[in-house]
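Heads up: the protein sequence lines correspond to chains A and B, in order.
Note that my numbering has the first sequence beginning at 1, numbered continuously upward.
Note that my numbering has the second sequence beginning at 1, numbered continuously upward.
Be aware that one or more of the hints could be misleading.
[To be verified] Over 12 Å on every C-beta distance to chain B, these chain A residues come out as not near it, computed from the model:
(1) G46
(2) S62
(3) P63
(4) V65
(5) T71
(6) S73
(7) A86
(8) S109
(9) N166
(10) A214
[Said to hold, decoys possible] Each computed DMTMM-like pair below joins lysine to aspartate or glutamate, with the alpha-carbon atoms no more than 25 Å apart:
(11) B:K152 - B:E195
(12) A:K199 - B:D333
(13) B:K151 - A:D134
(14) B:K279 - A:D218
(15) A:K199 - B:E229
(16) B:K151 - B:E75
(17) B:K103 - A:D139
(18) B:K152 - A:D137
(19) B:K238 - A:E212
(20) B:K250 - B:E229
(21) B:K152 - A:D110
(22) B:K324 - B:D347
(23) B:K103 - A:D218
(24) B:K152 - A:D99
(25) B:K151 - B:E195
(26) B:K298 - B:D287
(27) A:K199 - B:D178
(28) B:K77 - A:D218
(29) B:K77 - A:D54
(30) B:K238 - B:E270
(31) B:K151 - B:D192
(32) B:K103 - B:E150
(33) B:K354 - B:D340
(34) B:K151 - A:E212
(35) B:K103 - B:E62
(36) B:K220 - B:D178
(37) B:K238 - B:E116
(38) A:K199 - B:D347
(39) B:K298 - B:E184
(40) B:K77 - A:E212
Derived by calculation from the structure, the hints in this document are not laboratory data.
Keep in mind the model is a prediction, meaning the values are calculated, not measured.
Glycine included, every Cβ here is placed at the ideal spot set by N, Cα and C.
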Amino acid sequence: MIESILGLVRQNKTISVLVFGFLTFFSVTYVLASATSNFTQTINAGTLSVDIVDASYVTVGSPSVAMSAVTFSFACQAATGTFGTASQVIYVKNPDAADNGWTVALAASDPTDVWDSAGTDFDFNDSTGSGCTDGADADSLGGQMTVDPSVGTLAVGQCASCVTTNVTKGSSAPFVQATTDSITILTGAAGSNDIGDWKLTGVSISQTIPAEQAVASDYDINLTLSVTAS
Amino acid sequence: MQNVTISILRFVFFVSTLVFLVLPGQAKAIEYGGFGGRPANPRSDNPRTESIFIYTLEPGEEKLDAVTVINNTPERKTLLVYAADSTPSTGGAFACKQFSEDKQSVGAWITVSKSEVTLDSGTNETVPFTIRVPQSAGVGEHNGCILIQEKKVKNENQSGVSLSVRTGLRVAITIPGDIVRKLELAGFTLSDKPEGYLLHPQVRNIGNVSIDADVQVVTKSVLGFTVMEHGGEFPILKGEVSDWNFELPKPFWGGWYRSSFAVEYDENPEASVGIQSGKNLTLLKGDTIWFFSFPTIKGLILELLILVLAAYLYRNYRKFKKHKYAVKNDWIDYRVKSGDTINSLADQFNISWKSLARANKVKAPYALEVGIVIKVPPAE
Chain A
1 MIESILGLVR
11 QNKTISVLVF
21 GFLTFFSVTY
31 VLASATSNFT
41 QTINAGTLSV
51 DIVDASYVTV
61 GSPSVAMSAV
71 TFSFACQAAT
81 GTFGTASQVI
91 YVKNPDAADN
101 GWTVALAASD
111 PTDVWDSAGT
121 DFDFNDSTGS
131 GCTDGADADS
141 LGGQMTVDPS
151 VGTLAVGQCA
161 SCVTTNVTKG
171 SSAPFVQATT
181 DSITILTGAA
191 GSNDIGDWKL
201 TGVSISQTIP
211 AEQAVASDYD
221 INLTLSVTAS
Chain B
1 MQNVTISILR
11 FVFFVSTLVF
21 LVLPGQAKAI
31 EYGGFGGRPA
41 NPRSDNPRTE
51 SIFIYTLEPG
61 EEKLDAVTVI
71 NNTPERKTLL
81 VYAADSTPST
91 GGAFACKQFS
101 EDKQSVGAWI
111 TVSKSEVTLD
121 SGTNETVPFT
131 IRVPQSAGVG
141 EHNGCILIQE
151 KKVKNENQSG
161 VSLSVRTGLR
171 VAITIPGDIV
181 RKLELAGFTL
191 SDKPEGYLLH
201 PQVRNIGNVS
211 IDADVQVVTK
221 SVLGFTVMEH
231 GGEFPILKGE
241 VSDWNFELPK
251 PFWGGWYRSS
261 FAVEYDENPE
271 ASVGIQSGKN
281 LTLLKGDTIW
291 FFSFPTIKGL
301 ILELLILVLA
311 AYLYRNYRKF
321 KKHKYAVKND
331 WIDYRVKSGD
341 TINSLADQFN
351 ISWKSLARAN
361 KVKAPYALEV
371 GIVIKVPPAE
């Protein structure tokens with residue numbers, strides 16, 4: 001039987017085309033299929049999540065926010081940065097997991113944390129003197145970070161039919177230890193898309209640096225971006 | 001034999017092509033990567049329990065439940081699973097305290113059976129937890145969180161802000177007793193933005209439980225047309241002031257507008273998180289803000305064009321009215337004689353034949369019957 005088919009294939013172009021199409025189809029589609037052709041499909045339960053992704057929606061391994069470099073100064077000054085860029089997009093996904101709303105908030109991984117360097121440190125949540133001097137909290141460092149999501153650009157993600165209606169950006173706010181440990185970035189109301197994804201870029205970050213802060217190139221701080229079903 | 005084989009091959013090709021065209025639609029999967037969790041045992045009487053944990057527990061009571069920890073990322077991940085107290089975020093939004101922070105409220109009441117799970121891509125695991133409500137727990141709502149966070153090693157060489165992400169599930173525990181559900185309006189402001197306005201309503205919860213409130217901000221033109229509606233249902237946590245930033249693009253036409261703010265909520269103590277009693281819906285109406293907005297550039301150009309067109313039409317209308325008045329009051333009667341045509345009469349009375357025909361409603365082919373009386377301009 002097989003030999004006769006092969007013989008026909010050699011002689012007849014029509015059959016060659018048919019066999020080629022047949023083999024192409026089965027080589028592509030039935031890679032994982034069993035001989036009985038019982039199709040199985042599992043769709044895993046989705047989960048509300050937030051992530052930092054690149055322009056292709058691929059998770060960024062070590063997301064970061066670079067702050068503008070400032071020069072040593074005898075006066076209090078500010079460094080600025082942008083949270084959410086074209087290559088590090090704040091990305092929220094709700095695959096029908098938080099129909100009644102959610103919140104994305106930014107907070108330090110530890111409210112007692114500071115901008116740490118090998119030399120001296122400075123604070124991110126001390127409101128004394130508009131962040132220029134020490135006083136409001138237990139540490140002996142000045143400095144305050146202000147986050148302004150309201151200037152950011154909100155857009156829908158991969159979901160073509162989704163809208164940004166009922167998703168609102170948070171207000172500008174500074175971190176104040178024990179008073180404002182968490183700053184709202186985005187809020188999704190119950191009326192936002194039950195199945196949807198959104199991306200936010202251009203959140204402004206400003207950090208007040210106390211006067212005469214020691215020169216260092218390795219100041220760093222750990223922040224946590226949370227999405228919470230509410 | 002050859003014909004039979006060809007027939008078999010044709011049949012197989014036809015069937016396989018048909019299968020190829022029909023089945024892919026059923027095999028498509030939606031990609032929703034990410035890690036997080038969901039309540040493992042949602043209750044059928046409260047759909048909200050599909051997203052968050054909601055309990056009514058007496059002081060001293062113990063409750064066993066579970067969270068399904070999910071890893072839909074393309075990688076195997078080790079995820080921390082932990083409880084934490086809630087904390088208000090700015091704008092009165094719900095947020096959770098950090099892993100590093102001491103637990104003093106609901107976070108301390110929850111004991112998670114596993115502190116971390118390692119999941120392959122596309123898998124999940126149910127992690128049980130126990131809630132033990134202390135005898136001292138006061139009446140009203142207490143909130144906490146169960147969080148799923150990737151276990152990461154800090155990159156020591158990185159400067160600037162290092163970011164971690166996590167997903168939290170609210171745990172709302174109500175201790176029965178004298179439940180008070182009450183909201184009050186705390187303010188409503190409007191501020192300019194580069195390309196429009198920011199509407200900023202504020203609501204304060206003065207009760208002892210959170211309330212899901214329907215916030216409505218409606219902007220109308222001076223003529224009463226609705227320009228935009230903002231709002232939605234938001235949870236307002238007890239003791240907190242919630243506020244929202246609703247962006248209003250600059251109205252196209254410009255002019256005077258008014259934005260009004262209202263909040264509707266269920267005041268009945270029988271209502272709870274995710275459940276409306278439907279008995280005491282209360283509507284709080286806030287201030288109305290009037291504001292003037294300049295039109296957009298396109299709106300301004302269009303408005304000028306409309307103005308010019310309106311002026312032109314008005315001028316023509318005035319001309320027409322004047323002409324009509326003249327025909328009625330100044331023109332005299334003329335009896336058509338043999339040999340008169342519309343053209344000859346137009347020439348005779350120094351007027352265009354079209355005006356003469358229009359004034360006397362003479363239709364094509366503009367023939368004039370001898371003996372009829374028509375209106376003509378008075379002789380100079």
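*May I ask which of the numbered hints given earlier this structure violates, with the numbers listed in increasing order?*
1, 2, 3, 4, 8, 9, 11, 12, 13, 14, 18, 19, 23, 24, 25, 26, 27, 28, 31, 34, 36, 37, 38, 39 and 40
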